[in-house]
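Chains as they are written, first to last, in our numbering: chain A, 1 to 487; chain B, 1 to 487; chain C, 1 to 487.
Hint data in this document are derived by calculation from the structure and do not stem from the laboratory.
Ideal Cβ positions, reconstructed from N, Cα and C, are used throughout, including at glycine.
Mixed in with the good hints, there may be bad ones.
As the list claims (entries may be wrong) - Computed beta-carbon distance windows for the label pairs:
| id | chain 1 | residue 1 | chain 2 | residue 2 | range |
| --- | --- | --- | --- | --- | --- |
| 1 | B | P297 | A | E270 | 24 to 30 Å |
| 2 | C | T293 | B | V296 | 32 to 38 Å |
| 3 | C | G92 | B | P51 | 41 to 47 Å |
| 4 | B | G221 | A | D191 | 52 to 58 Å |
Unchecked claim - In silico contact screen, one side only, chain A against chain B (beta carbon under 10 Å); selected entries:
| id | residue |
| --- | --- |
| 5 | A23 |
| 6 | H25 |
| 7 | V36 |
| 8 | Q102 |
| 9 | D106 |
As the list claims (entries may be wrong) - From the derived model, a few chain C residues whose C-beta atoms are all more than 10 Å from chain B:
| id | residue |
| --- | --- |
| 10 | D27 |
| 11 | L29 |
| 12 | F124 |
| 13 | H332 |
| 14 | P350 |
| 15 | L377 |
| 16 | A409 |
| 17 | V474 |
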Amino acid sequence: MTAAGTAAGTANGTAVGEVTGPAPHPDRLLPADPGVRRLARALHAEVADLPIVSPHGHVDAGLLLQDAPFRDPAALLLTPDHYVTRLLHASGVPLQELGVGQGPLDETAARAAWRLLCRHWAVFAGTPVRYWLEQSLHDAFGLTTRPSSESADSLYDAVADGLTTPGLRPRALLERFGIRVLATTDDPADDLAAHAALRDDPTVRTRVVPTFRPDRYLEPGRPSWRADTDRLGDAAGVDAGTWDGWVEAMQLRRAHFRRHGAVSADHSHEDVGTQPLSPADAARLYAAARARTVTVPEATALRRHMLLEMARMSTEDGLTMTLHPGVRRGHHGPTSARFGPDTGHDIPLPGAFTDALRPLLERYGTHPSLRLVLFTLDESVLSRELAPLAGFYPSVYVGAPWWFLDAPASIRRWRETVTEIAGLRRTSGFIDDTRALLSVPARHDMARRLDAGFLAGLVAEHRLDEDEAAEALVDLVVGRPAEVFGL
Amino acid sequence: MTAAGTAAGTANGTAVGEVTGPAPHPDRLLPADPGVRRLARALHAEVADLPIVSPHGHVDAGLLLQDAPFRDPAALLLTPDHYVTRLLHASGVPLQELGVGQGPLDETAARAAWRLLCRHWAVFAGTPVRYWLEQSLHDAFGLTTRPSSESADSLYDAVADGLTTPGLRPRALLERFGIRVLATTDDPADDLAAHAALRDDPTVRTRVVPTFRPDRYLEPGRPSWRADTDRLGDAAGVDAGTWDGWVEAMQLRRAHFRRHGAVSADHSHEDVGTQPLSPADAARLYAAARARTVTVPEATALRRHMLLEMARMSTEDGLTMTLHPGVRRGHHGPTSARFGPDTGHDIPLPGAFTDALRPLLERYGTHPSLRLVLFTLDESVLSRELAPLAGFYPSVYVGAPWWFLDAPASIRRWRETVTEIAGLRRTSGFIDDTRALLSVPARHDMARRLDAGFLAGLVAEHRLDEDEAAEALVDLVVGRPAEVFGL
Amino acid sequence: MTAAGTAAGTANGTAVGEVTGPAPHPDRLLPADPGVRRLARALHAEVADLPIVSPHGHVDAGLLLQDAPFRDPAALLLTPDHYVTRLLHASGVPLQELGVGQGPLDETAARAAWRLLCRHWAVFAGTPVRYWLEQSLHDAFGLTTRPSSESADSLYDAVADGLTTPGLRPRALLERFGIRVLATTDDPADDLAAHAALRDDPTVRTRVVPTFRPDRYLEPGRPSWRADTDRLGDAAGVDAGTWDGWVEAMQLRRAHFRRHGAVSADHSHEDVGTQPLSPADAARLYAAARARTVTVPEATALRRHMLLEMARMSTEDGLTMTLHPGVRRGHHGPTSARFGPDTGHDIPLPGAFTDALRPLLERYGTHPSLRLVLFTLDESVLSRELAPLAGFYPSVYVGAPWWFLDAPASIRRWRETVTEIAGLRRTSGFIDDTRALLSVPARHDMARRLDAGFLAGLVAEHRLDEDEAAEALVDLVVGRPAEVFGL
């Protein structure tokens, strides 16, 4: 086991059967052609050390407030990360053996879970999970040993040792990684006390901002919706029993988020349909939803009107509106029932934006205060719909490759598909979308490397001069998040 | 400012802050790998100087007839080109500041619009607009200065100067660019007097041919349809008040176009649905449409029958039938209302050909006289539907990448996707589809370079011998337009 | 004409106008970049000579049992292969001139058909057909002459000569090609006598196994369905006049197939919809279908329930379930009527798996005995649906690129799209799906070369170590078929 000089700096002997590799290669992810690689290397150097701005993600603010050491290697890198657990599940490992949905694991269970990850290392070949884990093990712990059945225990020990050092506590990582801004994702009823405490703590130099995520309040067909809206009303101090009360409650909670530094409101529904209702119809359907007499089409109609209202509010309060549609959540009911949501079986659906978003865009698409970021898991809509929309509407940006598509070849396809139609500036800038704090720098670095490679390709084909490419890359890293999220 | 030796040959001093670059690189757009690039360079050399055949485009015949100098740089390169204005609009530039929809601009307004283009030059990085403009500025005006706020005025002056020279009048450009055939796009009621005059003018060596574009007469649900069909009947000298009259009028106008050199009829509707009606039903729905009592589904049914009729006529008169479906025109109503159509917010829709075209293909798909070119803006249908159709039906050709997809990486994807299923010969040959005369050679050269690169890749992988690749490339440039459009 | 040393070893003189090329290049299909190519070459060498396992294809067991010489070059390489005949048909060659649907051709007709193939050689440039034919001519006959009008007759003679040698009989090819396992495709009512005879023949070292393909019995809306189910019942020795009888007959025939070595059941319907019916409803709809009073939606509902039943049976008998959905069969009715099915005009449809398969996956998706391989002709579902499904469900594998997509660039796109989401191990391994025995080794070698190139790319980008890439490639060639088909 090799330990490069890092904060953790744990060094152990190499056990039999372990393969110790070199540190991650400085040219990783850059184009293979030597000429293009040279160009890409020079471009990447311009942005490699720029601070990280993370305008959308899922790190928990409480984790940063408490700043407790991570419990164990499984809790840090495995159990809570559905990118990792889903592929192990597909390979025949039951989720319970990975600790999913079981609260804190004892040392035996955590180590057993970790061994399963290491034993199945080959299933991650070619995936970004492999790339992020490898990079995280090196950067945070100085480890370059390849995970395997043989190396599992010594890796576990090395990581566990590292976690006891102060340099690997959550706040220390924020500093060490140069994270300037970190957005969390939060329920509109949240009091945001953790955010306030972090903001008021002078030792926290990262700007930790909440994100307004009101999905559950826009789904009048869900069983919990009535109770949810009651809770929303309570948080806002208004009666959410009527349509007008719902609107007022939303506005008040958005204002609360705005005061706590929020820069965006995030929405994820089955589709992005928007369709205005008359005030009377909205009130009527809302009342029916409260009375649980609403039909499925009515609930959908109300949701589409609500989404339109959220766009209106964004034009007024300036929260950037981000849309992450098109996923069948909890595809495997039995797994949802046993292990809860976000357990690896959310499966995408066909995307459709052109007609679905038209009512919203006809009303607000050229409004000077709206910024609307459209994400998709259906690559076929990129050249067909998203890039053409972002190439006309000043409010619209094409969201960075997301979730299943946040990976090297997918990012390349995305950049190649979108750029020719919408240019570089109509894109959102990179978004890590992760709850895995340790992987944040590896993810941002991956995006920077791939954008450097993409721009180097344009230079190599004489479509862009080298100085323009460098300027464009800095704009992608610094300019896009600043413009798109008002940071 | 650098002036290479060209017809315009305007040379000015370089202002402070201007960046003067080299002329467009001879290897631009060729593959980056040195070995493949060598092969591609040799292939491209075989076709670089072949004449241009443009079987589908939107240059105005009147422009060629009048042969007046282009008014100013904005009128030449900016205001009428929705490829350019849409990205500026997306970047926050109001269309009115670009002169859209305002008729001729005075010098102050034209220069102001031009400055906006130059100031926002970075938004075009990575897009084909950037490539075409750069190439046009060099080839026509000898300019290699990079557009910017600093260089805007001197570029404007240089282009404006150039436009006063005889070598930059429209007809001179036809000669200079080696355009052998140029197809325009025309209304069936057009008398085609401009085409006749050009044909009869011995100094015009380019064959300027009209294209029959009857969309509006096939949309019985549109408010203007009744008046349109009246006008069609008048042009044909028949009463278009009945279904039989409509059919006869269409046939007569197609014959008129044929006599004036037309080689194709072009169609662009929301979908390519074709479905036969009985003669009685056709007559009945036609009458209802005339009486404005037709329902939306009936109007669609009639349109689908009409499209089938157009295919039948193509089997009889030999006009190649081209289909450009799947666009939501005028997506942003307020912009349409203020600035008119073709102002940058036509947004594609999902494509569907397999079942939609089946009635047409069952009737006429193996007819020896039919040639049917299918274009799409939905890349997902290329391997799924278009290439399989073109790989069986002798009438069907896959149309070249169109509109948003007429760009280097998109063209590569298109060629890679289509070729393995349908081969090279079942494609249409390049189509520039442009109203920007100045960009015609840059567009054709772009396609030739990309095809050279694609074929070089096949040679490098030992899938094709070099002599075969050269033959294939010549066939794409010369053979395809000749066969597909009977030129 | 050049004859490299092969079993056939026919050598003739080179006629005027013939082009004799070199043997297929050892680096064919490997990446063009010299560094990546070196890596790929080394990887390919590790698997180049491994035996062929073909778990899904369409070679006829009777052909192997009779072991008669192939009749003539057209019967061997042209007439029965719709990959070849469709592109000739698209190029204007009538199917009857190729011998399609006419039974054995006499020498004159066979030679005339062969000449048409050679004359139109250019239409195959860039397609896999060209690659396979070229490779087959070399590997089996030692021929490197390029097909053309000039070389047609001498090529015909050389191939015809070769076919008289014992080394080119079907069974000799199995040996020579190192085919360890070959799956055929068979009707559930088939007695599998040919398979039994081959199994019992000690001189046949290839394991020739049947595949259960029950499509026709799951389509209650088809005119022949009642007679088909009668035949199924007869084969099973039960009365298939009731729903319970149908289920029992299917189970008995699957057991019969299992006893004859079958490892999978293959299904190809318009969609993969699965939806449970109550036993009473199933019985009722079945009776209505027998009575020919079933409606179209009822027939579809019954088919979807039947498919669910097939999944249940797979969990019980262990036959791997493969799904090949989404094709409009017999798109051109007149051609179907005259020449029959599989004549080149089956055209794909949009794919949809997420919701369609959900009932099946909620029931059986995590069942330890189910293996379910999902194939698609709609590339847009790869990253959107198939890879996410295979990345969670332990039963699901992404099927190798199929039919129109079984070609170099398509395979690369497939691997690039699927791997980042589902890894390498959640894929099926290569499947040749061919009835052209002679092309089997060329097809498997093509896949091995492309996978070597893909993995070399990961190594070149430092995403995988070289030893891991080698291990992964062996797993794709040996491990995947073993796991996915229980071989």
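Hints breached by this structure
3, 5, 6, 8, 9, 10, 11, 12, 13, 14, 15 and 16
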